[in-house]
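Hints in hand, dock the two standalone chains.
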Amino acid sequence: MLMINMKKIFIPIIAFAVVVSSCKKNLELLPTDSIDISKAYTSVDDIEKGLMGVYAANNLANSANPDGKIYIASILADEAKISNENRGQGQFTFKWQYSSVEGEHNADFARYYVMLDRLNRILEVIENIPAGTPADNARKAKIKAELLGLRGVAHYELLIRFMPSGYDANALGVAIMLKSDITAKPARNKVGEVVTQIESDLSAARNESNLPNAPTDVVRLSKAAIAGYQARVALLKRDYTAAISFATDAINFSGKTLATGGVYQNYWTDGNESETIWKYRNQATPQLLWRDTNGDVFFEPSDKLKNQFNKASDIRYSTFFGAIGGDTSVVIKYPGSSSGPQINDEKIIRISEMYLTRAEAYAESNQLTQAAADLNAVRAARITGYTNVSFAAKDEAVNAIMDERFKELCFEGFRFFDLKRKGLPINRNASDVQSTSWQNLPANDYHFALPLPQHETKANPNAQQNPNY
Amino acid sequence: MRRLFFFVLGMLIFSAQLLAQSRNVSGTVLDVNGQPVPNVSVRVVGTQSGTTTDTRGVFNLSAPLSAKSLQISSVGFVSQTVAIPAQGTVSVTLLADNSTLSTVVVTGYQRIKRSEYSGSATKITSDKVNFVPSASFDQILQGKAPGLLVTSGSGQPGTSARVQIRGASSINGGNAPLYVIDGMPVEQGVFQSINPDDFESVDVLRDAVATAQYGNRGSNGVIIATTKKGKAGKTAVTYNGQFGVTQPGQENFDMMNSAELLQFQEMLGKALPTINLPGWAYSRNNPANAGLPAATLAQYDRTLDSLRSINTNWKDVFQRTGSFQSHDLNLSGGSDATRYFLSGGYYSEDGIGERSDLKRYTVRANVDSKTDKLTFSFNSSAGYTRRNFIESENSITLANAFAATYLALPYQQLYNADGSYATGSGRVGPNAYARFFQTSSLSDQLKLLGSMSANYDITKNISLGGFAGIDYRTTTTERSVYPNTYASNAAGFPTGPGNGSTTGQGSYGNGNTSFLQSIVRINGGYHKVFAEKHDVDVQLISEYTREKQQAFNYTGYGIDVKRLNTPAAITPGTKDNLLIPVIGGSKTGRALYAGMALVRYTFAGKYTFNGSIRRDASSQLPEENRWQNFYAGGVTWAVLKENFANAWSKVSDLRVRLSYGTSANADGFPFGNFGYLPLYGGGTYNSGSTIIPSNAGNLNLKWEKIATLNLGVDFGFFKNRIVGSIDIYNKRGYDNLVDQQIPFETGFSDNNINAATVQNRGVELQLTTDVVKTDDFTWTVGGNVAYNKNKIVSLGQVKEFPQGTEIVRVGLPIGAHYAVKWAGVDAATGAPLYYTKDGKVTNVYSDDDAVAEFGTYNAPWIGGFNTSLKFKGFQLDGLFTFQEGFSRYNNQDFFQLNSAFALQGFNLRKEMLTIWQKAGDVTNIQSPLYQRQFSSKDVQDASFLRFRNLTLSYNFQKGLLNSTKVLNGARIFVQAQNLYTWTKWTGFDPEDDNNIAAYEYPTPRIYTLGLNVNFK
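Residue numbers (numbering that gives the first Met the number 0), protein chains in the order written: chain A, 0 to 468; chain B, 0 to 1015.
Extracted from the complex, chain B is given alone in its bound form (with noise of 0.2 angstroms):
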């Protein structure tokens, strides 16, 4: 017994002296700019033992003598495996992993390892989207991934652009994709009070398996913003400066100038005698001036002398050289537990339009907390924008100070003798820049963006957790009308003067809109890896939405002439002084729910499955139809990861996916959140109210649905010096809702039903090599390029339908244009020649001759490619963005190649001067005596390949700046955004949110100098 004993005895020191036979590794971890990086995974190769960096960046762990190896791994940085010293310490620098093939996707409820994710997603990362000169970030992404079709509608600084996520799968509906920040998503296309600098990474996720999660938001794909998180360590204070010039663009057409133009009207004279326009009423060559006394003669000579000297730059007046600045402050730090991230950002950007601009303040501030079982993370920002705008943006009016701008005569002067604004009928110059100095247009804005989410491990397999969110926003516009003004006078009773008798008494108006939603959701999940093979993780999530909207809107009249834009210049209204305000408002919301499952399983690290199981509901359908179930799955094959592939010494990273599953899209429903019901509204008349029908409605309504298809490759070669990824999809929209065009005899022009089924083909890709790779000097060339087929497979009872200038027609993608084929000027008469239904060239305009050959609006040819070239602390960028095979209706064409407008007493172009005169004239302008209809002549090639963005910086070496003390790091750059367009197109901005050029506010060229600083 006692033998056995010391036995035994012996056996656990022999154990423990076994166990001894183990050592201390210990090292540090820095980033490349030698910074200390906390909560980085060390782990020793081959064994199950490993550890985290402190906030110093320092390890300490056990390894077994045996061990040779160190796996270092962290979000965000390249991994590493480093060799374990015999003997002192080890000292590891990480590379920030910026390629297309981050570790991980931020799928919104997760983080997901992306070698085991089995759905279509690109990552953006900070460098890319930060201090771009853009105030609303949907912008900033044009041409940054695969897929990502973004389409600026407007230059006035902060407004959004179109963004579709492979092409457009409803006719009616919403088309926009979901939009996720911090997990909470947000309101669509109102980004202006969010500071894009904030931003660490944006995914675009773009296949069923990807949005799943969103199942009832995300069948238009999800953009998800992730904001910057604190890193543990002494608080890092960063300071981001820019400062530049905004100008306007380039243009591809010339107006006439007074010469030109007085000569045009003499042409326009001879076919139209009767006409009343200079260049005629002065002309020798008028029949009416031919009795009339040389010394009158000798004066219309000089009048006309004198137009022609005049020739106002209306360009000038009405477009701006601006400025441009914008500052952060940012504070990061914390403990192993407790991080924090806090910014303060000042964005001001001067459009290039008079008046136009905006100014933004934010302030945001990140938590992330971590105790052994509690993970806690808040995230918060609030933001002010004030914008100015110009006077009737984007509309076809001669307010409008980008229409103007064209339609202006150049013999006509700004100013009065007086110095005073030449102001009158016909004088569209004058008229439109004074009433910059005679109204207000401008918004506030105010938005508050804030989530809580914690997650408690109950075991160490199950956790419960939790998220709540708020976005909310308010925005107040204010117009002002100045009294007694050319714009208050023009404006009609009871600010104008309607019969001409009085004076316009000016007005005063408010609107303000308020966003609110707000996001409950509980989730409970369960991970385990059983036989270290079968890696399971379950999520059970549920989610209700509420979104609250309201609006409120006055307009006073008879204001103070002393107490400008304010209400309370406003006159109270009377029944003797008719200056009744007038008063509006509405009030609405809905409500979403979510059940969902989501499940991932990994066999042995090869094979990941990725499935999910929902339940939605909306209030904005029908009772009946309101509960939808929605489902996805996928599975990715790690490839590397087989025996056979263990050869493939080139090959650093491949991996396929396939993927299928059903979403849908609660934020497109065209109806809003009441219109499946039959309503009726009320309205006035004879002073009292009345009861009429407001809406259809349609009972019958049901959840617009799209299945996608996905296959990909992920892949790196040489060690990933050529990383990429493929994806072709196929996607099919059913039960997608149409604008009904019905009879007018029902009472009603159209109705929304579910009739269509469009359906989305394509292929993208995603590339980037470094061409040269040395210690100093480093080249890399990236970028993608998406094709998307778009097509309507069906309408359901009918083929097709027009709608405006396009038609809605089975077989044709969405935004086809439908027009009447353009066949030239007959060179006998000077009439316009059309192309009929079956080819015959016919001089009569029909209608019923449109047809549909002129291709779409929405570009099925996408992508952006960069470069970028790095010289010791030297780097240059150089960003492309282009849009291929689409084009759009040229109204500005309409407008300045019409001799209808020039009898209106607006200026052309000069292609003008080749109108038809006389019989045997060879032109493409036809005769003044014909009506100018709309045909294909005005739709045009709007393809285009922009210069978006050059940046040269310069990153100062950490040497020098140890000698300054206070600096850590230092990098000076200067930036050009939107530097140069090549395109066909004849109007001043191929790019535009839809299908028709209407003098839209144009893209601005930026240049700034900026500066990024690191305290220490």
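Excised from the complex, chain A in its bound form (with noise of 0.2 angstroms):
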């Protein structure tokens, strides 16, 4: 009797055990949808898709929801005005009464510390990636040059919207990322020694042999696009001496020209790559920026700018500039493309930025002549029946080359920085603001260097503030 009754006892715990055994596997599930660490990148193939990866973080503009260097060079500058129907879009920004919680003004920190990830953790296996022919050899060579030089940009991106305005080594920069760390709570460094790494991994990118000198592919990194970066951390650092090698340099592995009339108004439909040393690809999103998809404009050109230029005889003043439904006042330099109305590719260096670079760099070390045929190459490629002009002084020669930069890159994410690197005053037209509170922003303001992101400061016990936010 006893024993049935164990017998039967003994069916629901065998049973019990059959199925906890049988379980154990079952609970061993994988993503389908994303990627295994341990597969991710196993080939030249897989670090190319992930340097495309990084390719993609540099986004200038993400129109979307726009907060890159396009959008905030412009409305933190005298470039743009609100309009009547901005509904509260980037007006703290442009008030400059932002403070470190995240806004359109600091959202970039995240992008280019994103991107810095991004490549240094293809940098850190790119070694063990096996390159069976030379041809894969030479393509995983050209590959790293291509990471470092875009270390180098993202570490200048973050460098000149966080560091103080003017040029002072030892001031608080940002912090220099060279490895993939999930636990990192880095200190910034000063501003010397970011510069001296993007120097540094400037240079390692143009020693590869790997790397064409010219932008045959416009949207990758070249030593012409190398080159213009180490120009414009030069003019940053105030050595026009070196400024005006790397522009040279820029301007001649480039293999462009300064385009004119119908070639330079198809350029900004992305008709040509006249003028593009480098660019960053955007087929989906359209750059409204500074309008709503509903028609509504939030930002228009301001008096200012559009002051500058003579309406009659300049042709960027109707290419950039015009009128759309009711709307008499609007940014059309992004007017669309083969993509789609408003879809546009962004410039990142242009040949007309290195002509101004070089320009600004002579003009900077008194060498008044070369710095005036710079200028006027330029000017006689945009203005019909341009006189070429000439310099007596090295003030008026470095304020129309100010003036030029402000009217040649307007809305090309320059205005803002140029100030801020230069240390003058933000000066708007009083028919440009609704308020004497937001006219002037005077040199040196605190406001110019950006507020790093109230996340940041929360999270990282060793990320110092900049003052007063």
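Source of the hints: derived by calculation from the structure; they are not laboratory data. Each hint can be trusted.
Straight-line alpha carbon distances no greater than 30 angstroms define the calculated DSBU-like cross-link-like pairs of lysine-lysine that follow:
hint, chain 1, residue 1, chain 2, residue 2
1, B, Lys909, A, Lys94
2, A, Lys38, B, Lys547
3, A, Lys457, B, Lys798
4, A, Lys457, B, Lys704
5, A, Lys457, B, Lys836
6, A, Lys38, B, Lys701
7, A, Lys178, B, Lys701
8, A, Lys24, B, Lys547
9, A, Lys184, B, Lys790
10, B, Lys269, A, Lys94
11, B, Lys701, A, Lys24
12, B, Lys790, B, Lys836
13, B, Lys532, B, Lys718
14, B, Lys836, A, Lys184
15, B, Lys369, B, Lys112
16, B, Lys228, B, Lys1015
Only some residues are given here: those of chain A computed to face chain B with a beta carbon under 10 angstroms:
hint, residue
17, Asp35
18, Ile46
19, Ser98
20, Met114
Idealized CB from N, CA, C, for every residue including glycine.
This is the structure in structure tokens:
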């Protein structure tokens, strides 16, 4: 009797045990929609895809919810004015009322560290990636050079946003990241240290023989593009000799010339790459930036900017500004391309910037003839019936070149950083503001050093906030 | 030898005669409606002899002559003891047991007698769940069980509520309870396709013993719905129907009318002369108009006059009185061995927002079968729901009808002279309204629930059983934007104009998500009473759960205007027309395993021990931390079974419960099914694909655990005229998941870690009293109230981190508002003033001055009370619910009390007319020259008391119905849902499922007239 009972007790226990053992295996599930870390980068093709992911992070517009360089450099400076249809978009930034709270003014902090993390992860494994053929080896070397170049670019972009205005090698820069580290809590490096790192990465990239001189593929780095960034860094640190040399390299390596007339107009619809040294490919998102999808205009070009142009003879006026619907003053520098209306690639380095950079470096080093020559070259390409100018004094030349940068590079992510770099104030026209409270930002005001995001200062005990935020 | 033989024989005969000293007792058991009640247990008091009633409610048993009374008991009815009459039959009428102390607790795997249960649980009976005009049953539970927080986030018919039992335990993980229907765990928050009229009861399990069987999923409490089962006997047919209307509720603020708004625009113009708003542009006070000719000024005056005379009531435009109806037809019947319950239901509710509605069709079949050794149960339901939505529900956009209602300008008209919608830039009202007719937004949902369980008694003491169930849901959303309309033109390329040169070509898209959960469970049971005192019950359970989810969506462009709302109208995309459809989708899944032993030991009916040990695993955690043990134990003491309590005649029930145990929440992992892994994803750039890191991952993640200590007392006094229970608890969640903010230099912004300890301590009281109880008249008052103190005890390595407009800080509750403290408006300058961190007044707004002094959005005090008056056939029921001591960020205030939005062409609230204009003005509305910042001014007390339901019903008397020959019972009722809300909150609805008011769809008021009929 007892035996039978025991048997019957065992039935449930055995069944129980069978289920336990069979379930262990069934608990091992792996994702279908994502890639496991062990499979991410195993071939040269993979790291090339990884590299393209790094390029993808360098979005200067981020148009869907604009907070990239093209947007902030215009509304922070004197390029734009708030229009009647603005419902609050970008107003904190425009009025210099931003704080450490996350917004368009400091969104790039995260973006460029994401870019650095992506490229550092590949740099960490790249030596172990098998490359069977000489072609693969060359491709791998080129990818590595591009990654190093991009590391310099990312640090540069971070630096110009979060450093104070002017140039002081001992001022607070940004944290240098040379490896991917999920536990990192780095302190900020000094401006000089960051610049040294950028220079070292850029020159390492330029030394790679497999990297082409000319931008044969304009969405990827070339020696010309690296030289362009070297020129920018030199201008930032006011090393004008180096700036002249790098800008010259960029111009010469690129093989590009200044575009004129129809070619220049067509250039803005991505119809040609006549001036492109490097660009960001955008095939999907309309660059509304200063506008809304429903046609509302949030920011117009400022009167100050428009007044700089000779409206009749300067091709740029009608190319950059126009009327849309009921709005008579709209930025149309991104009118659209074959990808669709308002969908344009973002120009990262154009040949005209390099001319103006070299002109500025010449002017600053008192080589006024050469400065005038570069400036005249740009103006002659843009203005019909242009007569060359010459300069008698350094300041006159520098001011003229700054004004030309204002005009030529407007809405391309330069104006705020140019004023900041030179330690100049922002002075808006009275007609461009509703209140004098946000008309002028004095030179070297603390707002020039954008605040680190609150997230960063809370999460990283070593992150030092910029003063007054 | 012969003598001995005859002696023995004589003894035997004597014995036989002794045995014959018993008699037959028979009788009938009926319910209050005169319906026979089958399967009622009838036991002769003082003996082991007993029987059950048959389908006609008739019983027949043999009782010793010495026996004096019978104990009549059945699940769902109040037990009775009746005297055995000297002659004749017994007729017993059982009263339905709707008290809080129902005799059986459904714990999902078992039904346990409440007297032998040490867990903390509340039963909500069918009369409180059925026929409430709400399509999502979680919303119905508000105020009906202690410690159960139900807050609705949307009045869109069918939307689920946020439900929390005993406070939030996890900072970053889920805090929703587990929902179980007829033993089958079901998907959280998707109840629109389930008919609550099919529910017999809802049990709310709160403490560790109660939820132990759900160990890895039960830490946030368990809500168990049990659907109606068939009753043996002739097929009973029931019809329940309701008709009614839905209406917008009250709102505690006033927007400006046209005259006021124009006057306000003039005030703004004085401060900001360059603005271009009609109230200023046409004003004689505008210096720009000073030199204009008199005729022009007169024309301006006329323009202002005509604008003033337009007063469009946008609330009437966007909100409406909708219709409501529901119908159920139920069939119930069967034999002793097999019973069935069949039901079909139709439910239709119009939302108070234009276009929004819900229509639901449900069917159910429940079959229960019992033979000598085998019990078998089959439950199934299918529900199909179609919902139409307003545009951009619950978002701060101009397309959201509930935002547009208040932002639209009163001096604008809806239609042009030619009858078309007066859409255009800045025309908020017409733009939002036109969208209703230029777009579609709807969802179709199919939900199938089916489960089967069987239990076989191998011997008298040992049983083996199994359970298998499926919960399947598929939802397909449809989104259309019609071509060449305002809505498509505004949508952007390729559906819109982009540069204004082409008209929007329209779009059509579907999104499909499916959810499948399947469970297999086997259980072995052992039950034996040793020496008549030691009642032992052991269950061994092994359970495997597999969940799979899939999503697929597409949107196509270039819609043929003649064929709207169908994928057939999509233009195939080419490189040239750029109408490339967008396609997306995903697949994921998880698996759970649980093995457990559940033990109950009752000693002499006085002391019961409930215990459980489990071993759990989830595929959602790293392999090393995947398996986790949980345990729980509790004791119950039935005090009245003690001899010393014999004299306590006024005490009719008294039990003390003490329990402690651990559990976890596998349904609350905030990082999805594979979030613990460092992962890479694919993107596209420059027409090629990319490989980029997509998830930081954390291979040290482990289970969140919650330990609960509970002490409870159940009591009844004066023959249960007063019944209730009180519970105190300490619930401590540890290893709780925190979305740790990490430096951006890592390439990520946050990562999940097990770092926090969160404590919930509270007390819950539930009480029901029959204040007056006579044959004709009963007045019952009942209610529950719970206080929960939530506190973050530890966050690991950090002390705090901000999260939106909240801060997560040690010592504060979860959801603490974090804002700079408002100090008023400077009368001299009109500048807004704030308090710095050290309490000084400043006119400089700095985020660093934010403080956490403004409470939390999780109400610490919650409850409900009901009152019921019964007079003969009439019954009047009222239900009030309240949530007290919480505050929410009123983002609507930020919009409506903000002159910047008037500059952008929106309407504001009347209070804005007190805006600061000149030195010396004492006001709370700052000058338009200063930026309006988010501050404590916008954090408001949202406490509310809501008159949730009022029902007046009449039960037709038996005699009256008998004359109809077809009706067995009938009841008519009228009810009002969400009748009135008392609150200081100035938004339209203080109740919401989150911390911020952002033009959510408000809760409607619903009036219905209903009928319940039982056919013969």
